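Novice: Please put together the full structure from these sequences, using the hints given.
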Amino acid sequence: MRSDEEIIKEYLAGDDESLKTLIDKYTSSIYNFSARFVGVDNAKDITQDVFLKVWRNIKKFDSDKASFKTWIFRIARNTITDFLRKKKSVNFSSLDTEEGTFEENIPDEIILQDEIFSKLEDVEMLNKILDKIPINYREILVLYYQEDMTFKEIGGMLGKPLNTVKSYHHRALILLKGEIAPKL
Amino acid sequence: MEQNLQNLFKQAMHQPGSRLSGDIFSLIEYKKAKIIKVKKFGYLGLSILSLSGSVFSIWGLIEQSTQLGFFKYLSLAFSDGGIIATYWKEYTLSLVDSLPVASLGMSLFLLFILFISIRGISYQFKNKILIA
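Residue numbers (the numbering used here), protein chains in the order written: chain S, 1 to 184; chain V, 185 to 316.
In short, the hints are calculated from the structure, not lab data.
Among the hints, erroneous ones may be present.
Stated by the list, open to error - So the derived label-pair ranges between C-beta atoms look like this:
(1) V:R303 <-> S:A13: 19 to 25 Å
(2) V:S278 <-> S:D16: 57 to 63 Å
(3) S:K65 <-> V:H198: 28 to 34 Å
(4) S:A13 <-> V:L211: 21 to 27 Å
These figures come from a predicted structure and were not determined experimentally.
From the three backbone atoms N, C-alpha and C, an ideal C-beta is built for every residue, glycine too.
Specialist: Structure follows, in structure tokens:
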């Protein structure tokens, strides 16, 4: 199976079908990521914008700096931020300086062992709960649990240190737990 | 537990319509074709301008060269090679002196623009063929 970097090289060498391969591979992920922040109604437009930006800037992509996955998600994040800014909604960075008021010393494994998570079985319920979680934390959950990105990749995408990403993930789990509890 | 949470998150993913990736590819192809069209007309306009400019410029270059006697000096090289071999320094100076430098520079510049624009047109046509 060809890597993303090989596919890009083939596209730049004149093989237009390679771009189609990349689009097919990432459309679902970018659509889902966008829908989490701008809603399903706007996700299609955002996804199109993201791929147009990818196409326009593909010559600038440098595989030494980041993987294609990290790069495309960074483009998606910037596109979503621009969209939310135009709509005057809260953007990703507005919560970056938020101070922690959570149970910082409890390891993730302990939080995840909580019975509350075992009772979370309903997809619709999860979607509603995710919508209530601040976008900074929602973003970490989506990238980690839905897009299978590692903390390192997420850090590379957000331009944040590994420990900050882990801390955000930790807070996100606590927030998730806090949102689930009243519904059970 | 993390695995269960991951599975649930995966199930909760928003799925796009099956045509979205095809639509995106078509949109990119459309935008690409539009850019090619604009560039093609741009290069075509530039080549027409530079071609007509080159014709006038070369015409002026020939006229000025004739007035300054460049061709007379040049013909000497073919008629009497011995004199030129003896007085080559003077001959070269006279030849250079009779050359309309500004007109020559302008003609070469316009020919260069013409070459660039023709190359641009052929590149855009090649792109168009690739898309088709």
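Novice: Assuming the hint says 21 to 27 Å, is it satisfied by the Cβ distance from A13 of chain S to L211 of chain V or not?
Specialist: Given a distance of about 22 Å, which is inside 21 to 27 Å, the answer is holds.
Novice: Hint says 28 to 34 Å; check whether the CB-CB distance for K65 of chain S and H198 of chain V agrees.
Specialist: Holds, since K65 of chain S and H198 of chain V (Cβ atoms, about 29 Å apart) stay within the stated range.
Novice: Could you tell me whether the CB distance from R303 of chain V to A13 of chain S stays inside 19 to 25 Å?
Specialist: 20 Å, holds
Novice: Is 57 to 63 Å right for how far apart the beta carbons of S278 of chain V and D16 of chain S are?
Specialist: Distance hint for S278 of chain V, D16 of chain S holds at roughly 59 Å.
This entry satisfies every hint, going by the numbered hints stated previously.
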